[in-house]
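Enquirer: Given chain A, work out where chain B should sit, using these hints.
These are the residues of each chain, in order.
Number of protein chains: 2
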Amino acid sequence: MRLAILGYGNLGRGIEANVALNDDMELKYIFTRRNPSDIKTSSNAKVVCSSEIETYKDDIDVLILCGGSATDLPEQTPKYAKMFNVVDSFDTHAKIPEHFDKVNSSAISCDKVAIISVGWDPGLFSLNRMISNAILPKGCDYTFWGKGISQGHSDAIRRIEGVLDARQYTIPIDDAINTIKDGKTPEFTARQMHRRECFVVVEDGADKAKIEQEIKTMPNYFEPYDTSVHFISEEELKQNHSKIPHGGFVIRSGQTGFNFENKHIIEYNLKLDSNPHFTSCVLLAYARAAYRLYQEKDYGCKTVFDIAPKYLINKNDDFLRKTML
Amino acid sequence: MRLAILGYGNLGRGIEANVALNDDMELKYIFTRRNPSDIKTSSNAKVVCSSEIETYKDDIDVLILCGGSATDLPEQTPKYAKMFNVVDSFDTHAKIPEHFDKVNSSAISCDKVAIISVGWDPGLFSLNRMISNAILPKGCDYTFWGKGISQGHSDAIRRIEGVLDARQYTIPIDDAINTIKDGKTPEFTARQMHRRECFVVVEDGADKAKIEQEIKTMPNYFEPYDTSVHFISEEELKQNHSKIPHGGFVIRSGQTGFNFENKHIIEYNLKLDSNPHFTSCVLLAYARAAYRLYQEKDYGCKTVFDIAPKYLINKNDDFLRKTML
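Residue numbers (my numbering), protein chains in the order written: chain A, 5 to 329; chain B, 5 to 329.
This is chain A alone, in the form it adopts within the complex:
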C-alpha cells in the first residue's frame, strides 16, 4: 500500500514514525502547505507542495489527512475524497453528520472510499460505546478522559494576556470511577467526573492572581470544573510537561434478567504515552481498511461502525480464526 499524508504536524509525524510497524505499507509522500525545502523529515518520504497533490493521483493508494478539525478537514476531506481514498480524524462530534454527508457525496461521485472520524475518540471509544449498547441495551454509558493533555484547553490558557505557555491536564475523578465500578449508575455533573490541572508560564511581572482567576472562570473550558493552577518556569515546563500523554475509558454499566437483577460492566481503557502516535496507528489500520474496501468496490464514506474488523489487520482470515478467535 502506497500512502501519503497531507499535513506534517504531530499527527503527520506520528504516521511517519509508525508506518514501518506495518510491513504492507510505505509512506511515499508528505504533502505540505509550507515550503517543502523548509521541512526536515525523519524518513525517505518525498516532501511535496500540497498544490501539486493532484498530479500524484495514480501513485497513492490512500491519503491520510492530518490537518485539524476546526478549519482544515471540513474543507480538505470532501475535496480530496474526489481524487483519493482518504482517512481523516475529524473530531468535532456535533458536526460529524454534516461532514459525513459532504464526504460521502464526493467519494460516491468518484468511486473512492473515505473513512472519517478515525482515532480513539471518536474512533475506538465510539466502537466500544456502540458494541456495548448493542449487547446491553439497558444501561448507562460513561466516558472519562485522561489523565492527559488537552490541546484545546492548553491553547485557551495561552490566549490569556501575560501567559507565555501552558499545559492543561484533564484528570478523571476516582470517586466517580469507583461508584460506577461498584455497579451504580448515577448521573454526574461535569465537575464530578473530571478535574483540570494547569501548568502555566507567565511573563515577568504578570499578575498571577488575575490570570488564575481568568482561567478558573473561563466559561465551558474551566468554569464547570474544579481547576488548579500552578505557575512554573519555562524550563520546568519543557522538562516535565513536554510529552503528549493521554488516555481514558468508556464504561457501559448494564443490567440483564427479567427483573434486571444482574449487573454487568464493560470497560474499554487506554493509557497512551503519546496521543498523536497512538492516533496515527489507528489511522494506519483504517487506511488499510479503506484500501481493501476500495479493492472490493465498496465506495462512499464510512465510519468505524461500518467496517468489519478483519479489514484492519494484515493477516488472512484463516490465520485470524486459528490464532486470535
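Among these hints, one or two may not hold up.
[Claimed, not checked] Here are the simulated PhoX-like pairs of lysine-lysine, each with C-alpha atoms no more than 20 Å apart in a straight line:
1) A:Lys106 / B:Lys326
2) A:Lys301 / B:Lys99
3) B:Lys188 / A:Lys275
4) B:Lys99 / B:Lys83
5) A:Lys61 / A:Lys275
[To be verified] Covered stretches of chain B, going by a simulated chain A footprint (3 or more residues, C-beta under 8 Å):
6) 97 to 108
7) 136 to 143
8) 272 to 280
9) 305 to 318
The set of hints was computed from the structure by calculation and includes no laboratory data. In this text, a Cβ means the ideal position worked out from N, Cα and C, and glycines have one as well.
Expert: Just chain B, lined up with the frame of chain A:
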C-alpha cells in the same frame, strides 16, 4: 425478528430472560431433546421437541444454538445451518477452524448465514485481541479470566470419588496485572497469571486430605496452578456460591516510534454478575447481525471478525453517527 433456541440450559434460559431487552426480537420457540411437557419455562415461547424442528423452518429467522461445545455444537451447527440462519457459542479454541469449515459448507450450500464462536471468549475478547493487534502491531497480548466460576474445572472436581458438589473460581493474580499495567511485557507461566480456589462438598466420612491432594495434582486442570481447597457444607455452597459470575480482561501492551520509545496499553475488561446472561446478550446481538446479513444475501459462516459493528445494534446509521460516534 422471530427467534428460536435449541437447548434450555443456563444459556437458553439467559436468552429467554433477555430477549425482551431488544424490542425488535421475539422468542417464539424453545426446542428441546427432553419431553416438552417436562419443561417449565418463564415466557410465552412454545416448547417443541427438537425432532420436529425442521417443520418450523419458515417460521424462524434465526436459531440460536445453546448446546455445549464438547458434543452438541460440532454436530448441531453444521446440521441446522442447512435449515436456518444460526448462531452458536462454540468455544473449543483449537477446533474452531474445523468447525468453521463444516458450518461454512452447510450454510453456503443452502443460502444461510451462520455465526460461530460468539460470546465473550471467544467473541468480544477475540475482537479486542484482533483490533488491538491491528493498531499496535508491535506488542504483547495478555488475557486474564476471572474472578469467576469455571464450569469445566468445577465438573472435574465433581468427578472425584467422595465429592458431592463443587465450585471452582479462577482468579487472576494482581502482581501479574500490575506488572503489565506498568508497561512491562514479561512472559508469564500459567501459575504466575491465575490461581484456583475450590469450594467442595464431600460425602460424610470422605477422606478430605486425599481429595485435596487429588484436586491439586490433577494434570492440566490444577497441577500448573496454585490451588486452594475449602471443604464446606451443601448449605454454604447454595448460599454463597450459587451465582455464576465471571469476567476477565484482555490487554495489549504495545510500542510505537522509530525507537519504540512510546508505550501504549489497551485494556478491555468485563465484570459479569452472570456469565450465561451476558453471553446470551452477545448471542442476541449477533443473531440480529445474522438476520441482516441474510437479508443482504451475504451467506456462509462468519465470526466476530467478519461483521461490521453496525449490524449488531437496533439503530439506524444516521442515529449512530449522531449519538455514538
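Enquirer: Each hint needs a verdict: does it hold in this structure or not?
Expert: Hint check results:
1. Using a Cα cut-off of 20 Å, the hinted pair Lys106 (chain A) and Lys326 (chain B) holds, with the two alpha carbons roughly 15 Å apart.
2. For the hint pairing Lys301 (chain A) with Lys99 (chain B), the CA-to-CA distance comes to about 34 Å; that exceeds 20 Å, so the pair is violated.
3. A distance of roughly 13 Å separates the Cα atoms of Lys188 (chain B) and Lys275 (chain A); the hinted pair therefore holds under the 20 Å criterion.
4. For the hint linking Lys99 (chain B) to Lys83 (chain B), the alpha-carbon distance of about 17 Å falls within 20 Å, and the restraint holds.
5. At most 20 Å may separate the alpha-carbon atoms for a hinted pair to count; Lys61 (chain A) and Lys275 (chain A) exceed this at roughly 37 Å.
6. Coverage of a stretch by a chain is defined here by at least three residues with a beta carbon nearer than 8 Å to that chain's beta carbons; for the stretch 97 to 108 of chain B and chain A the count is 4, and the condition holds.
7. Check on the stretch 136 to 143 of chain B: 6 of its residues sit with their Cβ under 8 Å from a Cβ of chain A, so the three-residue criterion for coverage holds.
8. Only when three residues or more bring their CB closer than 8 Å to a CB of chain A does the claim for the stretch 272 to 280 of chain B stand; here the count is 7, and the claim holds.
9. Counting residues of the stretch 305 to 318 of chain B whose beta carbon lies closer than 8 Å to any beta carbon of chain A gives 11, which reaches the threshold of three, so the coverage claim holds.
Checked against the numbered hints given earlier, this structure breaks hints 2 and 5; the rest are met.
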